[in-house]
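In terms of the working numbering, the sequence shown opens at residue 1 and continues consecutively.
Worth flagging that the hints you see were computed from the coordinates, not collected in a lab. Using N, Cα and C, we set each Cβ at its ideal position, and we do this for glycine too. Keep in mind that a hint or two might mislead.
[Claimed, not checked] DEER-style ranges, computed between Cβ atoms: (1) T68 / S90: 26 to 34 angstroms; (2) G110 / P88: 35 to 43 angstroms; (3) G110 / S90: 41 to 49 angstroms; (4) T72 / T115: 19 to 27 angstroms.
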Amino acid sequence: MSSISRRSLIGYSGTAAAGAVIAGTASASPAQAAQPAQAAQAAQTASTGTAAAFPAGTLFDGRVDRPTGGETPAELRIKFSVMNQEAPESYVVTPEEIAAALNELAVSRGWPPLTFYGTPAPAPLN
1 MSSISRRSLI GYSGTAAAGA VIAGTASASP AQAAQPAQAA QAAQTASTGT
51 AAAFPAGTLF DGRVDRPTGG ETPAELRIKF SVMNQEAPES YVVTPEEIAA
101 ALNELAVSRG WPPLTFYGTP APAPLN
């Protein structure tokens, strides 16, 4: 397989993009494989305006409104925090994974996807 880890692919928005990077770097040397990951991180920084690094235990918050035909739109708000302590790498659950799972649930119930922001620094997670 490739020397690119799952964590280095976090900047990619979808699994198809991540799969394309893995397929494209499977035969590359570690130095060559690092170049696309660095380019992706730079692209993410340019698109979001920040390269947020969230410490363990950061509180993430996402909110979305949906018109229901009444005067007040329905609102969904989700907050979560993830802390992995002394866990082997294969057991680590990332905030990005939690955000993706929560968005799958929200979309399955008719809500639009949420963008989660980490606090105290208001920077987007996904």
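Hint check results:
1. T68 / S90: 26 to 34 angstroms: violated (43 angstroms)
2. G110 / P88: 35 to 43 angstroms: holds (38 angstroms)
3. G110 / S90: 41 to 49 angstroms: Given range 41 to 49 angstroms: violated, Cβ gap about 34 angstroms.
4. T72 / T115: 19 to 27 angstroms: Hint holds: Cβ distance 22 angstroms, inside 19 to 27 angstroms.
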